[in-house]
Amino acid sequence: MKRKNGMLEIVKTREFALGVFTLGVFFILYSTTNFGSVVGLQSYAKDVAYILVASIGMTLLFITGNTDLSMGTTLGLAGYFAAYFAKGGSHWYVFIPVAIAVGVVFSGINGVIVVLFKVPAMVASLALMTVHMGLFTLLPLGGWVENVPRHFTTVGYALVVGVPLVFVIAVALFLATLVFMKFTRFAKKLYAVGGNYNAAILAGISPAGTILYAYLISGVLIGVASILLNTTKQMVQANSSYGMEMVFITATVVGGASVNGGRGGLVGTAIGSFFYALLTRAMIFYGFQDYYSYAFQGVIILLAVLATEIDFGRVGRRLRTAFGG
Amino acid sequence: MSNDIVKAVKSRINYQAFLLLTLIVLLFVFNRLTDGVIMKWNVIFRQTEIVMEVGLIALAMTLVIATGGIDLSVGYTMALSAIMMGLIYEKTENIVLAAAVCLLTGMLCGALNGLIIAKTDIPPLVTTLATFSLYTGISKLVAGSNIFSKFPDGMTFLITHRLFGVIPYQFVLFLVLAVTFALAFNRTRYGRYLRGMGFNEQTVRFSGVNIGLIKFNIYVLAGLMSSIAAIVYLCRLPAAKPDIGININLETITAVVFGGTSIIGGIASVWGTVLSILILGVLRKGLSLIGLGGDKYNFILGIILVVCLIGFSILNGQISLGRRKGAD
Numbered sequence: 000m001k002r003k004n005g006m007l008e009i010v011k012t013r014e015f016a017l018g019v020f021t022l023g024v025f026f027i028l029y030s031t032t033n034f035g036s037v038v039g040l041q042s043y044a045k046d047v048a049y050i051l052v053a054s055i056g057m058t059l060l061f062i063t064g065n066t067d068l069s070m071g072t073t074l075g076l077a078g079y080f081a082a083y084f085a086k087g088g089s090h091w092y093v094f095i096p097v098a099i100a101v102g103v104v105f106s107g108i109n110g111v112i113v114v115l116f117k118v119p120a121m122v123a124s125l126a127l128m129t130v131h132m133g134l135f136t137l138l139p140l141g142g143w144v145e146n147v148p149r150h151f152t153t154v155g156y157a158l159v160v161g162v163p164l165v166f167v168i169a170v171a172l173f174l175a176t177l178v179f180m181k182f183t184r185f186a187k188k189l190y191a192v193g194g195n196y197n198a199a200i201l202a203g204i205s206p207a208g209t210i211l212y213a214y215l216i217s218g219v220l221i222g223v224a225s226i227l228l229n230t231t232k233q234m235v236q237a238n239s240s241y242g243m244e245m246v247f248i249t250a251t252v253v254g255g256a257s258v259n260g261g262r263g264g265l266v267g268t269a270i271g272s273f274f275y276a277l278l279t280r281a282m283i284f285y286g287f288q289d290y291y292s293y294a295f296q297g298v299i300i301l302l303a304v305l306a307t308e309i310d311f312g313r314v315g316r317r318l319r320t321a322f323g324g
Numbered sequence: 000m001s002n003d004i005v006k007a008v009k010s011r012i013n014y015q016a017f018l019l020l021t022l023i024v025l026l027f028v029f030n031r032l033t034d035g036v037i038m039k040w041n042v043i044f045r046q047t048e049i050v051m052e053v054g055l056i057a058l059a060m061t062l063v064i065a066t067g068g069i070d071l072s073v074g075y076t077m078a079l080s081a082i083m084m085g086l087i088y089e090k091t092e093n094i095v096l097a098a099a100v101c102l103l104t105g106m107l108c109g110a111l112n113g114l115i116i117a118k119t120d121i122p123p124l125v126t127t128l129a130t131f132s133l134y135t136g137i138s139k140l141v142a143g144s145n146i147f148s149k150f151p152d153g154m155t156f157l158i159t160h161r162l163f164g165v166i167p168y169q170f171v172l173f174l175v176l177a178v179t180f181a182l183a184f185n186r187t188r189y190g191r192y193l194r195g196m197g198f199n200e201q202t203v204r205f206s207g208v209n210i211g212l213i214k215f216n217i218y219v220l221a222g223l224m225s226s227i228a229a230i231v232y233l234c235r236l237p238a239a240k241p242d243i244g245i246n247i248n249l250e251t252i253t254a255v256v257f258g259g260t261s262i263i264g265g266i267a268s269v270w271g272t273v274l275s276i277l278i279l280g281v282l283r284k285g286l287s288l289i290g291l292g293g294d295k296y297n298f299i300l301g302i303i304l305v306v307c308l309i310g311f312s313i314l315n316g317q318i319s320l321g322r323r324k325g326a327d
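If you read the sequences in order, they're chains A and B. Okay, so the first sequence: first residue is 0 according to numbering that gives the first Met the number 0, each after it adds one. Okay, so the second sequence: first residue is 0 according to numbering that gives the first Met the number 0, each after it adds one.
Treat each hint with caution, since some may be false.
Some, not all, of what chain B presents toward chain A, calculated at C-beta under 8 Å [said to hold, decoys possible]: (1) L124; (2) I252; (3) I263; (4) I309.
Hints are computed from structural coordinates only; laboratory data are not their basis. Glycine included, each C-beta is placed from N, C-alpha and C at the ideal position.
Model the full assembly from the supplied sequences, consistent with the hints where possible.
Structure follows, in structure tokens:
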């Protein structure tokens, strides 16, 4: 049955519609501006790379019914520490683990507050975001690293047959997490906890442990994303990624993850990341001011969330009862 | 369960005594640190005026959080209202019209939040996070790189004039509104509905209360208070620009939570919010006097918020169990 209508089912999904729309915008941009130049495409791929990796972390949290507003500032801290260590002469096998460790620690603190003290995730992470902003002012070198050494930016500027290495890493990581989500029991637990908290407890799942692990995994992904973002730059500034969490939230909710938890998928999020990065490119190429991106972000989040949350079946039933049908 | 609630309410009354004690201790500590500047007659009241915008919004936010909701968009609602006021005055030179547009903007922003929250199942956190982004964009779009600072000469009367020469008028306004809010919240049926919604929305709905309308009203109220705060701000510092809304959200939520209102709703105290606003005023003034303003103050706010969230969740452990957001 399912196999028979397989093609039709795919066409009806949200991912398909979003993908087609993204491709449409892509080709319009490609043909009307010089977005299609090699440099343009490469910098687009670099944008997608870190958005994709961090959004995967955000999606995992969304699936469990949680979120992390401090993701932007955590990413800034992770990137700063990586650059700081690199400037001190550390090799890649030191500064990359440092970034990941910083991500894990700060995301872990968030997770502990959410899980242990049952504080709503958004409020907890909002508070932590401010704590991070305060930490920025206490960092050595004033919170920014200038003239980062060559071996730090090697990762960001390297090309694999014309494709930026950071994009290859991001896609590889995406495929790995896709397999992980498909085949492990842990992934099912994430959906169980987000879908029905109490039912998950009754099914013998520890929601606390599951959510905490989701935060830790998200921390690892933030660490990697901070490397993918900051190695493409000449100067690393801790507070420059403040506000970036909205980007990841946009990519996630556009991809169909439910803000109430229990629903969402990595494929949707990946398309959402491509979509978001493309949209910011489009706004630059068509000469919109930076201000528009905030307004667009808000509208897109609202529309995406509305599309996910409105139960069309229920609306239909209501209409039918209203008209006596 | 009901015993737990009674216990929690009693602990809140003790908590307000604790807040009052904190306020007095802080006053003496900063008085010592600043060589007696804080306790001077003209300073002890004047330090309230830097937190009055936050205070006005926090009053409405207390009610919003009491229903189990939250409004993250208040900061930029305030900024947008202020910018609209500046824009309209620049165009028409009519301050009454400008103030009316300012209030209308705030109410419209609140109405959009309220409409989405009342009519759909989207959590208030996500709705207002999205509208936060939207209002940020709109206010930056309207203002561009302009700073609207053209206002009538009498605009800054809140700095030049004070009641009996010492008490800021916005503090009087704050106290009057605080009494109104406290009476409405503690003594009327409407206030009981708000609290009831925080504890169990379904029960209130099944009691025949139109909770959609209440939600809508409460977010419009939050928007309106944000625009009143915008006017108060402009009377103090007549320069409307987008980034005046930057720290308002955090400061407001910290004030409300520090005041003893449970972040998951149900338990709320207007007087607790008033006390915590006064404490934040002393803290901000005192810290800036000893050279720890700006980011350091925000850092301390963040830590206060985290500590309060953890502390209250331990205190309310009994009540909050199994009532997590997203679980129901």
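Cross-check of the supplied hints:
Here the hint on L124(B) is kept, as its CB sits about 5 Å from the closest CB of chain A, short of 8 Å. Interface restraint check: I252(B) against chain A, minimum CB-CB distance 7 Å, threshold 8 Å, status holds. Evaluation of the I263(B) hint against chain A yields a held restraint, the C-beta minimum of about 7 Å falling below 8 Å. For I309(B), the shortest C-beta to C-beta distance to chain A is roughly 5 Å, which falls under 8 Å, so the interface hint holds.
Consistency note: the structure conflicts with none of the earlier hints.
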